[in-house]
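*Asks:* As they're listed, the protein sequences go chains G and C.
With this note's numbering applied, the first sequence has no gaps in its numbers, which climb one by one up to 579 at the end.
With this note's numbering applied, the second sequence has no gaps in its numbers, which climb one by one up to 371 at the end.
It is possible that part of the hints are untrue.
To be verified - Straight-line C-alpha distance at most 25 Å; calculated SDA-like pairs for lysine to any residue:
#  : chain 1 : residue 1 : chain 2 : residue 2
1  : G       : LYS304    : C       : ALA313
2  : C       : LYS68     : G       : ASN347
3  : G       : LYS231    : G       : ALA413
4  : G       : LYS287    : C       : PRO312
5  : G       : LYS231    : C       : ILE217
6  : C       : LYS88     : C       : ASP103
7  : C       : LYS12     : C       : TRP202
8  : G       : LYS231    : G       : ILE219
9  : G       : LYS221    : C       : ARG281
10 : C       : LYS88     : C       : GLY134
11 : C       : LYS12     : C       : ASN282
12 : G       : LYS359    : C       : ALA153
13 : C       : LYS88     : G       : VAL549
14 : G       : LYS359    : G       : ARG323
15 : G       : LYS287    : C       : THR319
Worth flagging that the hints you see were computed from the coordinates, not collected in a lab.
The chain contents come next:
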Amino acid sequence: MWHQVFALIVKELLAVLKDRKSRLVLIGPPLIQLMVFGYAATFDLDHVPIAVYDEDLSAESRDLVARFTGSPVFEPKAFLRSARDIDQLIDQRKVAMVLSVDRRFTRDLLLHRPARVQLIVDGRNSNTALLVLGYANSIITDFSLSWVKGHGGRAPPAVLEMRARYNPTLSSQWFIVPGIVAVLTQVVVLLVIGLSVAREREAGTFDQLLVTPMRQIDILLGKGLPGLLIGGIEASVIILAAILWFSVPLRGGLLPLYFGLFLFVAAVTGIGLMISSLAVTQQQALLGAFLFMVPSITLSDFATPIANMPSLIQDLTQINPMRHFLAVVRGVFLEGATVPSLAPHYWPMAAVAAASLFAAGWLFRRRVY
Amino acid sequence: MRDSLGRLRGLLRKEFLQIRRDPSAIAVAFLLPAFLLLIFGFGVSLDAHDVPVGVVVDHPDALAASFTGKLANSPYFQPRSFAAMAEAEKALASHEVTAIVWLRDDFTRRALSGGEAPVGVIVNGTDANSARIVEGYVQQAWANWLQAEASERGAPPPLPVAVTQTVRFNPAVSSRDYLIPGLIAMIMTLTGALLTALVIAREWERGTMEALMVTRATIREILLAKLLPYFLLGMGGMAASVIMAATVFDVPFHGSLAVLSATSALFLLAALGMGLLISSVARNQFVAGQIAIITTFLPAFILSGFIFDIGSMPAPVRFITHVVAARYFVAILQTVFLAGDVWAVILPNALALAAMAAIFLGIARLSARKRLD
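Bound conformation, chain G alone (with noise of 0.2 Å):
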């Protein structure tokens, strides 16, 4: 029996890597996409580009800007004249906050009133604009803090003092990273999986395997291995270049990591054969493929935080193998998780494997046209 489930095994990793163009596909795209996205996919901000309108050109005035000026975060495009054209530059993305500074702000400073500053922001992305305004409120506050030191002023009664766990300087890349493993695995064995039953099917030589002697089990096992052996190769040459190249720390073990990877390769070739062999042709598998493949990335924590859906969204999202491997990767990563601390992650992507491999193999014999 077991050879002829290893013949099978033969036949699939032959099919996708004897043609040219489809090694081609299997090998190239996930690492240039690895490479490109490990840096393209960022919310830290670099460089904005900002516009000065100061109307009190005074001492204090000149020092506020510098702050601004001199941080990284921002670079000033343009330093305006006027008010006129504050609008225009914005509405046409020149530039992505605009600092206005009253023209009595010296005065009011030194009569303590409320000494006014006006931040425009770009709001056509959101989270751009809350962490341009995050980062512009911290500038002015410093400088509050340090103009009312300077004059005599009582020092505040208390200062926050940030401090971030697992990830000290904040950065993206180290959440973004271990996120494009699990993205590209899953992606990759779609690749593999998702259209093999489908293109038999259109082929007809699925009928062919089903009147041999081989039992469904053993077709679900020809099937399924190979996305499971190319899958699990793919993840871990993408590990090795998260952990060389974008140099993300591995605080946790091998085993709670390749563990989940196990229970999350299983899952989607069992989604993905069981889309393949719902599908009556390549056309209907693709669009399978794509209806899994969009929800499960959008839906999973990798950029967007499921903790901000509404909570009937957030309880789908538990049978979504996807969020559980990235929480698996994340916390091995950053966390150094554990197995057992990252158990209520493992059983629901075994369950999701379970049930879809059981029912792949089911509708092998009962789809039949």
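Given chain G's structure and the hints, the job is docking chain C onto it.
*Replies:* Quick look at chain C alone, frame taken from chain G:
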């Protein structure tokens, strides 16, 4: 010319019949956008609210209570009290709280004598973006507390600079309003590629391409007949997405429909052209499907400026984003929806889309020559 029109009509009829026979193309055009927009529209948000924050007060008194009161009043936080730091740290490690605010036992003494009593703020930095936003909210609560505390004692404001914030085009800073126009671009990228990625490969695989070649139809007519029906389907899907965005999600629409339709048509031509190119390069559906999965969704998701700001990417990556058609469409849609017809944004991006459409369709035309090998 008349022959050509007649042939084109025949080919078009064949394509429409094929679409009707396997309705998955209609599902791609209408169901996929509606389904994805619903899921994303409700699911994707960058707005943090009710963030669970652990509060540890070593020595509870009135001043400490006034500080933690400011946290409790903020709509962004859901404070949870812990008796000791060790417990709070445990909750932070298990993701039960996102951040800890710690007032040490000398908080009140130092605040009332020399000032500058340190308030510990410890965030879980794993999700760096959320961590930074939470830090910003804590800072806001702290500034509010400082002002309130000073005005209670009649002291001069501790933070003399008063900041007014104006967020243009999106005063509520709602991430949904900016994400949904971007999502439409994302979804149309998928639709466009999915619709056409397999159509020519399928003809090659089934051998019907050779049958088409022996007819008098030119390759241009064959491609045109492949493009037109899917273009119409795609525009229908686009219209459905825009209507959903405006009605279900209440995203404001400040631009004009004419600009939206024209730029959508350009984008769709580029997306369909890319699908056709994939299809005629791959020549078999399996490989065409693989290329479509690899080249459409993730690049459009990550490199289009839809979620990640292109301006913050390193220069080589910024350069690469120029080959992603979604990038131009995201910029156009965000502007047309939230700002209006700002020509300085629309024109260059529309030109780029036109160029990409021309290039993709041109290469597809060249690589789909009538030849067998």
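*Asks:* Next, verify each hint and record whether it holds.
*Replies:* Structure-based check of each hint:
Restraint check for LYS304(G) and ALA313(C): the C-alpha separation of about 18 Å stays at or below 25 Å, so the hint holds. At most 25 Å may separate the alpha-carbon atoms for a hinted pair to count; LYS68(C) and ASN347(G) meet this at roughly 18 Å. Between LYS231(G) and ALA413(G), the direct Cα distance comes to roughly 20 Å. Compliance with the 25 Å bound is thereby established for this hinted pair. Among the hinted pairs, LYS287(G) with PRO312(C) is consistent with the structure: their alpha-carbon atoms are about 19 Å apart, no more than 25 Å.
Of the supplied pair hints, the one linking LYS231(G) and ILE217(C) holds, its CA atoms being roughly 24 Å apart against a limit of 25 Å. For a cut-off of 25 Å, the pair hint linking LYS88(C) to ASP103(C) stands: about 20 Å separates their Cα positions. For the suggested pair LYS12(C) and TRP202(C), the alpha carbons sit about 16 Å apart, so the restraint of at most 25 Å is met. Of the pairs offered as hints, the one joining LYS231(G) and ILE219(G) holds, with about 20 Å between alpha carbons and a cut-off of 25 Å not exceeded.
Of the supplied pair hints, the one linking LYS221(G) and ARG281(C) holds, its CA atoms being roughly 21 Å apart against a limit of 25 Å. A distance of roughly 23 Å separates the Cα atoms of LYS88(C) and GLY134(C); the hinted pair therefore holds under the 25 Å criterion. Using a Cα cut-off of 25 Å, the hinted pair LYS12(C) and ASN282(C) holds, with the two alpha carbons roughly 20 Å apart. Restraint check for LYS359(G) and ALA153(C): satisfied, since their Cα atoms lie roughly 14 Å apart, inside the 25 Å limit.
Restraint check: the Cα-Cα separation between LYS88(C) and VAL549(G) comes to about 17 Å, which is no more than 25 Å; the hinted pair holds. Distance check on the hinted pair: LYS359(G) and ARG323(G) sit about 16 Å apart at the alpha-carbon level, within 25 Å; holds. For the proposed pair LYS287(G) and THR319(C), the alpha carbon gap of about 23 Å is at most 25 Å, so the pair holds.
When each numbered hint is compared with the structure, no violation occurs for any of them.
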